[in-house]
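By our numbering, the letter at position 56 of the sequence shown is numbered 180, and the numbering carries on one by one without gaps.
Some hints here could point you the wrong way.
To be verified - FRET-style restraints, in silico, Cβ to Cβ: (1) G248 with W186: 27 to 33 Å; (2) K264 with G184: 37 to 43 Å; (3) F262 with L239: 30 to 36 Å; (4) M202 with N240: 26 to 32 Å; (5) G190 with Q256: 37 to 43 Å.
Calculated from the structure, these hints are not laboratory results.
Don't be surprised by glycine CBs; every beta carbon is placed ideally from N, CA and C.
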Amino acid sequence: MQQALELAQHAATLGEVPVAAVIVKDGTVIAAAHNRRELDKDPTAHAEVLAIREASKVIGDWRLEGCTMYVTLEPCAMCSGAMWLARIDRCVYACKDPKSGFLGSLLNLSQIPQLNHHYEVTGGIHEQEAAQILRDFFRKIRSDSKNKKKQKVLSSKKTET
Numbered sequence: 125m126q127q128a129l130e131l132a133q134h135a136a137t138l139g140e141v142p143v144a145a146v147i148v149k150d151g152t153v154i155a156a157a158h159n160r161r162e163l164d165k166d167p168t169a170h171a172e173v174l175a176i177r178e179a180s181k182v183i184g185d186w187r188l189e190g191c192t193m194y195v196t197l198e199p200c201a202m203c204s205g206a207m208w209l210a211r212i213d214r215c216v217y218a219c220k221d222p223k224s225g226f227l228g229s230l231l232n233l234s235q236i237p238q239l240n241h242h243y244e245v246t247g248g249i250h251e252q253e254a255a256q257i258l259r260d261f262f263r264k265i266r267s268d269s270k271n272k273k274k275q276k277v278l279s280s281k282k283t284e285t
């Protein structure tokens, strides 16, 4: 999880929502990624999906059996579904996402009885640290937006006079 938190911090410096994922197999990190939606202009470029793609290439198979994903924020429906499709064994996440989390907050996709694969979920690992990274990021975004609006108002007043 520590590596995921460091990647999340890096994502924030790039203007990405600071979410990162690391996939481990047999005690070895085989993939790591952070959100790249802004950089790639791709709504599916979530950390979890990118890490799954990388891990599949490393293993040489789409089935990621025996793998654990560590992620800094509770995965959304798309990412929870991608873990199901990839046959991930376990997901460990840091903080809950009450607005779009699909591993317990809104629904627990990993435990729907009708699905043919279920995976273990553990939440709350380094929760405070991950939550603080997200709070700091969004605080900065709001502050930057507020400053831009002030600059616009000041610029328009200068051109009026």
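Falls inside 26 to 32 Å, the C-beta gap from M202 to N240? violated (19 Å)
Look at the Cβ atoms of K264 and G184 and judge whether their distance stays inside 37 to 43 Å. holds (40 Å)
For the pair G190 and Q256, does the Cβ-Cβ distance stay inside 37 to 43 Å? This hint is violated: roughly 32 Å between Cβ atoms.
Is it true that F262 and L239 lie within 30 to 36 Å of each other by Cβ? holds (33 Å)
Look at the Cβ atoms of G248 and W186 and judge whether their distance stays inside 27 to 33 Å. Taking Cβ atoms as reference, G248 and W186 lie about 29 Å apart, which means the hint holds.
Consistency with the previously given hints fails for numbers 4 and 5, ordered from lowest to highest.
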